[in-house]
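> Here are the chains, one letter per residue:
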Amino acid sequence: MMRTRIAVAVFLAAALATALSCGPKGSEKSEILVGEYGSLTGGIATFGISTRDGSLLAFEDINAKGGVLGKKVRLIVEDDQSKPEEAATVVTKLINQDHVVAMLGQVASSHSLAAAPICQASQIPMISPSSTNPRVTQVGDYIFRVCFMDTFQGAVMAKFAYETLQAKRIAILVDVRSDYSVGLQTFFGQAYKKLKGEIVAEQSFSQGDSDFRAQLTAIKAANPEAVYVPGYYTEAGTIVYQARELGITVPFLGSDGWDSPKLWEIGGKALNGCYFSNHYSTDDPNPIVQQFVADYKAKYNQMPDALAALGYDAARILADAMTRAGSTEGPKVRDAIAATKDFPGVTGAITINSERNAVKSAVILKVENGKYLLTETIKPEAVSP
Amino acid sequence: MTTFFQQLVNGLSLGSIYALIALGYTMVYGVLRLINFAHGDVYMIGAYVGYYLSRRLRGDEPSIVSALLVMLGAMLACAALGVLIERLAYRPVRREARLTLLITSIGVSLFLENMAQLVFGPDPKFFPSLAPRADFQIGGVRLTSEQLTVIAVSFLLMILLRFFILKTRTGKAMRAVSFSLDASKLMGISTDRIIAVTFALGSALAAAAGVLIGMQIPKIDPLMGILYGLKAFVAAVLGGIGSIPGAVLGGLLIGTSEVMVVGYLSSTFRDAIAFGILILVLILRPQGLLGRVQKEKV
Chain A
616 MMRTRIAVAV FLAAALATAL SCGPKGSEKS EILVGEYGSL TGGIATFGIS TRDGSLLAFE
676 DINAKGGVLG KKVRLIVEDD QSKPEEAATV VTKLINQDHV VAMLGQVASS HSLAAAPICQ
736 ASQIPMISPS STNPRVTQVG DYIFRVCFMD TFQGAVMAKF AYETLQAKRI AILVDVRSDY
796 SVGLQTFFGQ AYKKLKGEIV AEQSFSQGDS DFRAQLTAIK AANPEAVYVP GYYTEAGTIV
856 YQARELGITV PFLGSDGWDS PKLWEIGGKA LNGCYFSNHY STDDPNPIVQ QFVADYKAKY
916 NQMPDALAAL GYDAARILAD AMTRAGSTEG PKVRDAIAAT KDFPGVTGAI TINSERNAVK
976 SAVILKVENG KYLLTETIKP EAVSP
Chain B
7 MTTFFQQLVN GLSLGSIYAL IALGYTMVYG VLRLINFAHG DVYMIGAYVG YYLSRRLRGD
67 EPSIVSALLV MLGAMLACAA LGVLIERLAY RPVRREARLT LLITSIGVSL FLENMAQLVF
127 GPDPKFFPSL APRADFQIGG VRLTSEQLTV IAVSFLLMIL LRFFILKTRT GKAMRAVSFS
187 LDASKLMGIS TDRIIAVTFA LGSALAAAAG VLIGMQIPKI DPLMGILYGL KAFVAAVLGG
247 IGSIPGAVLG GLLIGTSEVM VVGYLSSTFR DAIAFGILIL VLILRPQGLL GRVQKEKV
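One line per chain: the protein sequences are A and B, in this order. Just so we're aligned, residue 616 is where the first sequence starts under the working numbering, counting upward by one. Just so we're aligned, residue 7 is where the second sequence starts under the working numbering, counting upward by one.
Isolated chain A, as found in the complex:
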């Protein structure tokens, strides 16, 4: 009796397992499944939401025009709650349970670095729309990005601070728990010192902190002409707000992690006269940009930030690569993405180089009453690497 029961149990378990593993495969014939992981909740939630909205817009457009290889593309989006460790979990789920053929994500470099080894090991091509830390694409030959890197972004801000703003003394406030922030601190510092600028104070905080007055008081004592805060909008907005309360009046300089509709909500008027480096400006008269801005506004009733634009570009490059590869198999798609040349993206012409990175211009935006005004465009050849 007991034996039969065990046998039945084993049989049922096996049947269940087969049913589960077969489930998603059934739909594979009619559509192409693409995974996207991002932070839809938590401290960097607007990044994930903007990127997702950008990617969805792109795939909607592509599907309306007949899809890829005669099939519709379906995007499965998972939330990693702004936690890098969670990124690894959801990416594993996307690959093993949903059987996606390619991966889009993430914005934050720490998250991309957590997920990239999993995609590499499963031979799933991953395109990061906006992770700028150099280490991301060094994980392996299946990992790509469609944005510039922090080596460039740091140098761009150093050049802008020293030459345009004429700030010769700078303090840096860095997020020690973020690969992105620490990377930018290093690259900015190298470029700025090369220009003979002086870094008068270096202070740190950890992502999630909310009281920065101790660090800002120390920075104030060093009397800098500008303060560089490479990091994400939640902390950046709070930092600038508290700095103005402490009587620090010099401009704060930031990076593309500042780009969020929330930044202004957090910092408010304290942010006036601050600058940050970014991937594109909605002021760009290029018809591709204006078309994208119009489509995005029509669908979401909101201005697209750079993360949305990069999410859009990443999705279109992936679709373009699958079409050129004539297949959705990992190795073939990988080769096709690697061969991308002069793709007309919203964030500029995108060519993937031999290190799987995109080489593009950066813009400097000035914060003025809730608007981000285009101040300067800096080309890759303008800063020596």
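In short, the hints are calculated from the structure, not lab data. Just so you know, these numbers come straight off a predicted model, no measurement behind them. One or more of the hints may lead you astray.
With a Cα cut of at most 27 Å, we get these calculated DSS-like pairs of lysine-lysine [unchecked claim]: (1) A/LYS877 / A/LYS698; (2) A/LYS981 / A/LYS808; (3) A/LYS698 / B/LYS131; (4) A/LYS912 / A/LYS680; (5) B/LYS131 / A/LYS912; (6) A/LYS708 / A/LYS687; (7) A/LYS981 / A/LYS877; (8) A/LYS947 / A/LYS686; (9) A/LYS956 / A/LYS975; (10) A/LYS912 / A/LYS975; (11) A/LYS877 / B/LYS131; (12) A/LYS687 / A/LYS912; (13) B/LYS131 / A/LYS981; (14) B/LYS131 / A/LYS986; (15) A/LYS809 / A/LYS994; (16) A/LYS884 / B/LYS131; (17) B/LYS131 / A/LYS914; (18) A/LYS809 / A/LYS774; (19) A/LYS686 / A/LYS914; (20) A/LYS986 / A/LYS884; (21) A/LYS774 / A/LYS811.
So, partial list: chain B residues that the calculated Cβ filter (under 8 Å) puts toward chain A [claimed, not checked]: (22) LEU20; (23) ASP129; (24) GLY269.
Beta carbons: idealized from backbone N, C-alpha and C, even for Gly.
Once you've looked at the hints, dock chain B against the given chain A.
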């Protein structure tokens, strides 16, 4: 030197927040011998109640009246929440082993944190400015009206609390209950009522701390209570758990040393300092700075 005094002001304003929260830990410990781990989350709820009230009450211009209303509203709401938590979660298990009570409080804490993520959303929210702002300059040290308000309001509340405990009948009853629960019951004190009052008072003070932190930081999120709660708990232990002046002293010491460590050493030691102090206190002076040694009664 100016920088040092500026850091001192920063430290005192942070320390007053810890002190306000620590009072709740210490008072509840006094009457129930319970470390109420949900206390930090009551502080978080207080901040959120303050946030929603201030969005609703605030006219076009920040005013002192609306700031006061927001604070009172949050304090009342959390006092009610504290009583509710005690009635629903702690009273049914009060006669059980102390460990049961402790674990119940951890459960309440987790419940509040997750409920807050569900109800308020997991994204951080940002306080609108409540009171009109003014800055004062004393010998190069900058005092913002927010910092002054935080320090002043905290001290006012602590003085009121001291008056309440020492001079009123209910306060006297609280002291009696904290001395011996069973004996005060025999003396005709309604211990259930006194315990409820203790929870109400402690929770109201935590809510005040939540609104004050919202005024000066101004970021609040559903998990903000964890770290602030833990550090306030360390403050209570440092001062001597059960001792009210001890909680205030502990809060100010933890806040100041945290700010000094960040300002002069590195922000990575920010949280280490509080827990380092905790370990030292437990080794060197387990009863805390102002605590009394309690003999185990056999």
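> Could you run down the list of hints and mark each one as holding or not?
Going down the list of hints, with the structure as the test:
no.	hint	verdict
1	A/LYS877 / A/LYS698	holds (19 Å)
2	A/LYS981 / A/LYS808	holds (24 Å)
3	A/LYS698 / B/LYS131	holds (18 Å)
4	A/LYS912 / A/LYS680	holds (20 Å)
5	B/LYS131 / A/LYS912	holds (25 Å)
6	A/LYS708 / A/LYS687	holds (22 Å)
7	A/LYS981 / A/LYS877	holds (16 Å)
8	A/LYS947 / A/LYS686	holds (17 Å)
9	A/LYS956 / A/LYS975	holds (12 Å)
10	A/LYS912 / A/LYS975	holds (25 Å)
11	A/LYS877 / B/LYS131	holds (10 Å)
12	A/LYS687 / A/LYS912	holds (24 Å)
13	B/LYS131 / A/LYS981	holds (24 Å)
14	B/LYS131 / A/LYS986	holds (21 Å)
15	A/LYS809 / A/LYS994	holds (18 Å)
16	A/LYS884 / B/LYS131	holds (17 Å)
17	B/LYS131 / A/LYS914	holds (26 Å)
18	A/LYS809 / A/LYS774	holds (10 Å)
19	A/LYS686 / A/LYS914	holds (23 Å)
20	A/LYS986 / A/LYS884	holds (11 Å)
21	A/LYS774 / A/LYS811	holds (11 Å)
22	LEU20	holds (6 Å)
23	ASP129	holds (5 Å)
24	GLY269	holds (4 Å)
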